[in-house]
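Number of protein chains: 2
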Amino acid sequence: MNELRKDYILNRFVIVAKDRGKRPHILKEARAVEEGRDSCPFCPGHEHLLAGILNEIKKDDSWIIRVVPNKFSAVSLEGDPHIQMHNKFYTFASAYGTHEVIIETPEHGKELEELPQEHIQSVLKTYVWRIRELNDLANIKYISVFKNRGTAAGASLRHSHSQIIAYNIKPSWISEELMTAYKYLIENESCPYCEIIEQEKASDRRVFEDEHFVAFTPYASRFPYEVWVFPKNHYPNIALLRNEELFALAGVLKKLLLRLDDLGYPPFNLKIHNADLKGENFHFHIEISPRLAIWAGFELETGTVINTVSPEDAAKFYRGE
Amino acid sequence: MNELRKDYILNRFVIVAKDRGKRPHILKEARAVEEGRDSCPFCPGHEHLLAGILNEIKKDDSWIIRVVPNKFSAVSLEGDPHIQMHNKFYTFASAYGTHEVIIETPEHGKELEELPQEHIQSVLKTYVWRIRELNDLANIKYISVFKNRGTAAGASLRHSHSQIIAYNIKPSWISEELMTAYKYLIENESCPYCEIIEQEKASDRRVFEDEHFVAFTPYASRFPYEVWVFPKNHYPNIALLRNEELFALAGVLKKLLLRLDDLGYPPFNLKIHNADLKGENFHFHIEISPRLAIWAGFELETGTVINTVSPEDAAKFYRGE
Chain A
0 MNELRKDYIL NRFVIVAKDR GKRPHILKEA RAVEEGRDSC PFCPGHEHLL
50 AGILNEIKKD DSWIIRVVPN KFSAVSLEGD PHIQMHNKFY TFASAYGTHE
100 VIIETPEHGK ELEELPQEHI QSVLKTYVWR IRELNDLANI KYISVFKNRG
150 TAAGASLRHS HSQIIAYNIK PSWISEELMT AYKYLIENES CPYCEIIEQE
200 KASDRRVFED EHFVAFTPYA SRFPYEVWVF PKNHYPNIAL LRNEELFALA
250 GVLKKLLLRL DDLGYPPFNL KIHNADLKGE NFHFHIEISP RLAIWAGFEL
300 ETGTVINTVS PEDAAKFYRG E
Chain B
0 MNELRKDYIL NRFVIVAKDR GKRPHILKEA RAVEEGRDSC PFCPGHEHLL
50 AGILNEIKKD DSWIIRVVPN KFSAVSLEGD PHIQMHNKFY TFASAYGTHE
100 VIIETPEHGK ELEELPQEHI QSVLKTYVWR IRELNDLANI KYISVFKNRG
150 TAAGASLRHS HSQIIAYNIK PSWISEELMT AYKYLIENES CPYCEIIEQE
200 KASDRRVFED EHFVAFTPYA SRFPYEVWVF PKNHYPNIAL LRNEELFALA
250 GVLKKLLLRL DDLGYPPFNL KIHNADLKGE NFHFHIEISP RLAIWAGFEL
300 ETGTVINTVS PEDAAKFYRG E
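As you go down the protein sequences, you meet chains A and B in turn.
All residue numbers for the first sequence refer to numbering that gives the first Met the number 0, where the first residue is 0 and numbers rise by one.
All residue numbers for the second sequence refer to numbering that gives the first Met the number 0, where the first residue is 0 and numbers rise by one.
Just so you know, these hints were derived from the structure itself, not from any lab.
Heads up, some of the hints might be wrong.
For chains that are exact copies, the list does not tell them apart, and a pair is met inside one copy or across any two.
Claimed, not checked - In silico DSSO-like pairs for lysine-lysine, Cα to Cα no more than 30 Å straight-line: (1) 182 <-> 254; (2) 87 <-> 169; (3) 182 <-> 169; (4) 87 <-> 315; (5) 70 <-> 315; (6) 254 <-> 17; (7) 140 <-> 182; (8) 17 <-> 200; (9) 169 <-> 231; (10) 17 <-> 253; (11) 57 <-> 169.
Could you build the full structure based on these sequences and the hints that come with them?
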């Protein structure tokens, strides 16, 4: 059972994955297997390498998407999910929750964005279904949906997949975002993101716009070629999108990621910033963060990031100019 | 002139290094030159590759430490250092300040910790001297002193060096730390770090203790083998240490880094958390963060970090058990 621990004084949590007992050389070996198809647990016929299969989306009798438990789960449904404090400075709980993997395709080496738009829509529908189901679990405070591609983005397997971690705290960075956005909304009687979308879609950071979505490179981009996607409608959570909107979103992601691939299939993280499904006032969005630079001592100490590609240049690139 | 930009709503800054106009393939090439000794601008005889020499520490007529301007400076003493806002969501200033490099030794390939304790003390004295001088510059709000070793820690050159960025904002992560520690101090009439040191030096996270310093692995370590060094005396800034204490600190760093090297010279960042030289109540400390894992989508979204080496195991390693 892993432990969730808070910093002595800051609102900053860590999952200490004690049980794995990994040593650095093991960490390095894990990185090295990335490309291997023979030992890929996500390929058809390698089901014995999985920790189980939670569900499958099928087409013509074959699976096209699978939901499986993460074999090296960061969290589990064990122990006490409630935060406790010991001796003033030690704040902890069990790292409580579920950690699932969504295998996006049976085809090893096929990228998400290379799949048909309907298939990508099915991946998004799978996110929605998992969010709705995990939302009903007791003691879950946040459901993080993300995708890592490439070693430099923290992926340990090549086969295209996403992950969902549902766990027992509202993470500090998400809290900060939700609270700051909500404060703005109260003070200005308007969602800040609704206003930002209006401004950015007419700025030199505009990337794409259709009936349902707007994509732009954020004014203070922290990653070279970072791009954000917002629904025009003020939805707090992706799970509230209608089918037609999920299809449109699949199209936007396909377009953006295919363009990004022109840079030589760079590593990236894709993260969905959601509020609670019920009751939180927020404007959900997707952030795509290419990992072409490394955060060094300055970034880790200060939180100020040096980005050598301006968002205006990045937007030009996405617009194909 | 680079630009400092704030996120639309969060207290999160970016330096947009527009002028560099780097493209990803150039970013990659820059990484690749890491080992090259022939083209190393920090080696004696290669002074034409430097942007200048600000100062030298000499021994027997030869330089042993050099302070030089960073050739690819993130900040410069140009433009308007004051934060302005445009159109509600665009908050910016010039990326104003100085960016210096401290070449720690003339010897290419020699690590900081492999130098004699007196030499390391001279490097620390150089930090102190630079902090004192930069502190008197107008419009400087924070002086970040850090060291990156290895490509995975963001270093682009192999030759052992540290960096100092003095710039025009108090960075958000440092502000948060200072404010939270100060709030604790007011409420409890005691510095939280003074208390934490007392607890940790008797815990299973203890690493080292002498007359002047305590080292331990933090309870909520965010990096495998992360280790923190605190002075026992409540100094807000490293620049307030006496010579004898700087010598002792050199010894602690030497010991910790030599031990870390047993893991195969892993990449690491070393960061000094300082408060303002005058007037801020804080307990300065040094954080050493080995970079053996990569922050993926979950970490970047939530701020919750998964660490597969427990601080208790890491402390055992440093204690040689």
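Checklist line | Hints violated by the structure (numbers, ascending) | finding: 1 and 11
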